[in-house]
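Fit chain B to the given chain A structure using the hints.
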Amino acid sequence: MFVTAIAAIAGIAVYAYYLDRSVTQQFQGRRWTLPAQVYAAPLELYVGAPLSMTDLCAELARLQYRATQKLDRPGTYRRQDDRIDIALRATRFTDEVRPAQVLSITAGVRSIEALRDSAGQDIPILRLDPLLIGSIFPTHGEDRIVVTPAEVPALLPAALKAVEDRKFDTHHGVDPEAVVRALWVDLRSRQIAQGGSTLTQQLVKSYFLNSRQTMGRKVREALMAIALEAHFTKSDLMNAYINEIYLGQDGDRAVHGFGLASQFYFGKPLAEVDLAELSLLVALVRGPSYYDPRHHPERALARRNLVLKLMADLKVISPQDAASAASRALGVTTRAAGAYYPSYLDFVRRTLRRDYPESDLTQEGLKIYTSLEPRAQDEAEQTLDRELARLERTRGPTSASLDGALVITAPASGDVIAIVGGRRIGYSGFNRALDAARPMGSVVKPFVYLTALETHRYNPASIVQDAPVDIRMSNGTHWRPLNFTRQTYGPVPLVRALAESMNLATVALGMDVGVTHVAQTLQRFGLERAPAQGPALLLGAVNATPLEVAQLYTGLANGGYRMPLRAVRTVISAAGQPLKAFPLELTPIAQPDVVFEVDQMLQQVIERGTGRPARAVLPADVVVVGKSGTTSDLRDSWFAGFSGSHLAVVWVGYDDNRPTGFTGAAAALAIWSRVLAGLGTTSWSAAMPESLTEVSIDYFTGLQIEGACANTNTIRIGVPVSTQLAKKPGCIAAVAPSAAERLAERLRAIIHQ
Amino acid sequence: MTVRIASFFLVVILAACRSLFSPERPPNPPTGSATPEAPANAAPSPAVPAPTRQYRLGSAASALVTQAHVRAAAGDFPAATATLERALRIEPENPLAWIELGRVQLAAGNAAQADNMGHKALGLAAGDPNAQAAAWRLIADSLRVRGRNQEASMASARAETLLPR
Chain A
1 MFVTAIAAIA GIAVYAYYLD RSVTQQFQGR RWTLPAQVYA APLELYVGAP
51 LSMTDLCAEL ARLQYRATQK LDRPGTYRRQ DDRIDIALRA TRFTDEVRPA
101 QVLSITAGVR SIEALRDSAG QDIPILRLDP LLIGSIFPTH GEDRIVVTPA
151 EVPALLPAAL KAVEDRKFDT HHGVDPEAVV RALWVDLRSR QIAQGGSTLT
201 QQLVKSYFLN SRQTMGRKVR EALMAIALEA HFTKSDLMNA YINEIYLGQD
251 GDRAVHGFGL ASQFYFGKPL AEVDLAELSL LVALVRGPSY YDPRHHPERA
301 LARRNLVLKL MADLKVISPQ DAASAASRAL GVTTRAAGAY YPSYLDFVRR
351 TLRRDYPESD LTQEGLKIYT SLEPRAQDEA EQTLDRELAR LERTRGPTSA
401 SLDGALVITA PASGDVIAIV GGRRIGYSGF NRALDAARPM GSVVKPFVYL
451 TALETHRYNP ASIVQDAPVD IRMSNGTHWR PLNFTRQTYG PVPLVRALAE
501 SMNLATVALG MDVGVTHVAQ TLQRFGLERA PAQGPALLLG AVNATPLEVA
551 QLYTGLANGG YRMPLRAVRT VISAAGQPLK AFPLELTPIA QPDVVFEVDQ
601 MLQQVIERGT GRPARAVLPA DVVVVGKSGT TSDLRDSWFA GFSGSHLAVV
651 WVGYDDNRPT GFTGAAAALA IWSRVLAGLG TTSWSAAMPE SLTEVSIDYF
701 TGLQIEGACA NTNTIRIGVP VSTQLAKKPG CIAAVAPSAA ERLAERLRAI
751 IHQ
Chain B
1 MTVRIASFFL VVILAACRSL FSPERPPNPP TGSATPEAPA NAAPSPAVPA
51 PTRQYRLGSA ASALVTQAHV RAAAGDFPAA TATLERALRI EPENPLAWIE
101 LGRVQLAAGN AAQADNMGHK ALGLAAGDPN AQAAAWRLIA DSLRVRGRNQ
151 EASMASARAE TLLPR
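For the record, the sequence lines run as chains A and B. The first sequence begins at 1 in the numbering used here and counts up by one. The second sequence begins at 1 in the numbering used here and counts up by one.
Because the hints were derived from the structure by calculation, they are not lab data. Cβ coordinates follow ideal geometry from the N, Cα and C atoms, glycine included. Among the clues, some could well be false.
[As the list claims (entries may be wrong)] DEER-style ranges, computed between Cβ atoms: (1) 163(B) - 485(A): 33 to 41 Å; (2) 51(B) - 122(A): 26 to 34 Å; (3) 693(A) - 157(B): 20 to 28 Å; (4) 477(A) - 149(B): 55 to 63 Å.
Okay, chain A solo, but in the shape it has when bound (with noise of 0.2 Å):
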């Protein structure tokens, strides 16, 4: 007996100090696997930046700043008429460290006028606080953001103290008390309840154990708590508590800690919720699920007053903070779908397995600074979604939903600003913008143009013969391409050619200067896999992601250059060192001259060809390049292009590949116009190269034309300085086109929309 007891009380003594070390290790040496932040573009600025007050309010209320009468804290502005003033946020670039600081700006209807510090002195230029967009955690999906001491509002360990563990500050890790009182409604209930458990009990179930409850398992955690306590302070467990508690779902996503919940509730910083926030993010410790202030609001509002009464009753906050409070509205964000990006994160993600392994990314607590801007994400999202359905209606009901997708990049740094998988914001299933590889169609032909103009035996007014196309195959059979009109038009000018898509043209010119030649162009421009080198090459017969197009244009967006799509900017360690940056890098790949020649007729696909639809959505002042591509059948729609500030690419059809009705004129060049002018685009204006002279030829049949033989046919293109062209004979006066020219043309345009 004597000596069972010895042994039984030697076997706990062994068992108490085995917990005892292994709890204090882990715990000593803990680490909260951190999944990568991953932030938006700062918003930039400086006098001349083309904000409105409007849209400077719209990125305020992204990052949840709050207007307030008097600036009393970071995170607040104060809007009077044309001027507003910022309290920033200390926010950490890639670049460096900025200070908490009062901004005045003022700004006019298009752009900022004025930019001053608190006393006054201009200040050059300033960001924004870059926003967060999400997060990379991992498969078992615990997401958290660590805060400090400082950075947690002294309110909140008050306030889980006189909800969750009164005698928090005095006992020893358990509270006997609460044990006995729980134990005793567990046995009437005859079954364990939640309650009793000290905040370090809670802490050491959420760290160390998972959340089975037994009676072994009660007794573990209570030695536990015990253990942690006789080694670490209560500050210490106080923060650790902060940061470990599970406080809400989000799909696969597990959000712990206060610091992630704050991001997850109220889209800001934990230091600056308020009392009636604060008092939420405790209600849901018991259960944020039940509480769950988005699905279950009038059971989250309930508790959230609970809380705020059982502080009010320990003299935390005073009776009339408390009632203030509960007079308040939940106030949790909406999370619009969509809020957290998941076509664009699914790129960074892209972009960075290739550097760094998944557990990195998931436990490392890297910040990750990309190119997204919010603006163009929003408007890119909100345009595609409704031109869509403004298509599905002029089609009528169908089976299959149509679907799209959407990439925007700024030309000259190579930035990815924005990515549009699909229809379904906010769903990360299939990312159309970097996985759906469809035949290019015509969005092809600017690089067939571009590899005969580098042969230096065509310039942009060159004759090319529009004709019937045979081409026997090497299997016997034979490919006879035709017009999208079914019309033949004898002899063109490259530049009509290109700008009204005419396949047969086309063709011509591709034969004559080498399919094989434009393959390597393709690759030149980025196309990463070698493109089967038939004829139907040059109809675009090849296959490429809306991601991929952009990238091929990026080089002729930047005269000739080469410049890999980023959405990574840099890459940040938890300690802010850092790690990796994705520098702009520029390969030449065309001669300036010959792209701009391309640029010039790709101008006239706007001006006069296939994409003269958006001529009528865009500012007539605002100059911009673009190409439509349709494949056969109607299947694909595409619209490539860029202007000076952007550089988009959409495609339209249905994952099924079934035909869609709609050309690439129709519903890709739709969205695209619409999308650049719903950004307020800039015109593209890069400057002709000293090798080019600019001349006037006659549209139609390339001829130059002099003086006041200029008409409206008349088009001003940049052909090398040597270049000696026909010139329009007997040129009087201005041949207008016959009544006949003038209807055929009218019923051409009409057809190609």
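The following block gives chain B in isolation, referenced to the frame of chain A:
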């Protein structure tokens, strides 16, 4: 690192004689962009092009360039690059922004990129002999550090012919 810092200073000093803030710049040129002033039918002559525009950086981009110089002088080329990319996002069509970025690339030991950025700037600088000369000097320096001295001399000579004496 010391070599890099030293080479940055060298590059800055080399550039300083006709830099962005040089007093040789004509007074009050338009801010941030170019002004085409040539008559529409002026025949361009590549040998002695008439100046048709005068680039300068706007105040936001200039402030960033100054910050970038400080960062580069401290040897922090990634930060300098990030800062100059901000300038470039504001004025992507301004050859001076590309030249500044190319200068930092050169100081950071990335001569090939500096060369490409010089050529990119050259393309944008059509009509502005000062900007063209600055681009040629960047190209010349990027060739020189790679031991391509003959090409470098030719590039330097191109810069010289563009500038009035």
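A quick look at each hint next to the structure:
no., hint, verdict
1, 163(B) - 485(A): 33 to 41 Å, "violated, 54 Å"
2, 51(B) - 122(A): 26 to 34 Å, "holds, 31 Å"
3, 693(A) - 157(B): 20 to 28 Å, "holds, 25 Å"
4, 477(A) - 149(B): 55 to 63 Å, "holds, 58 Å"
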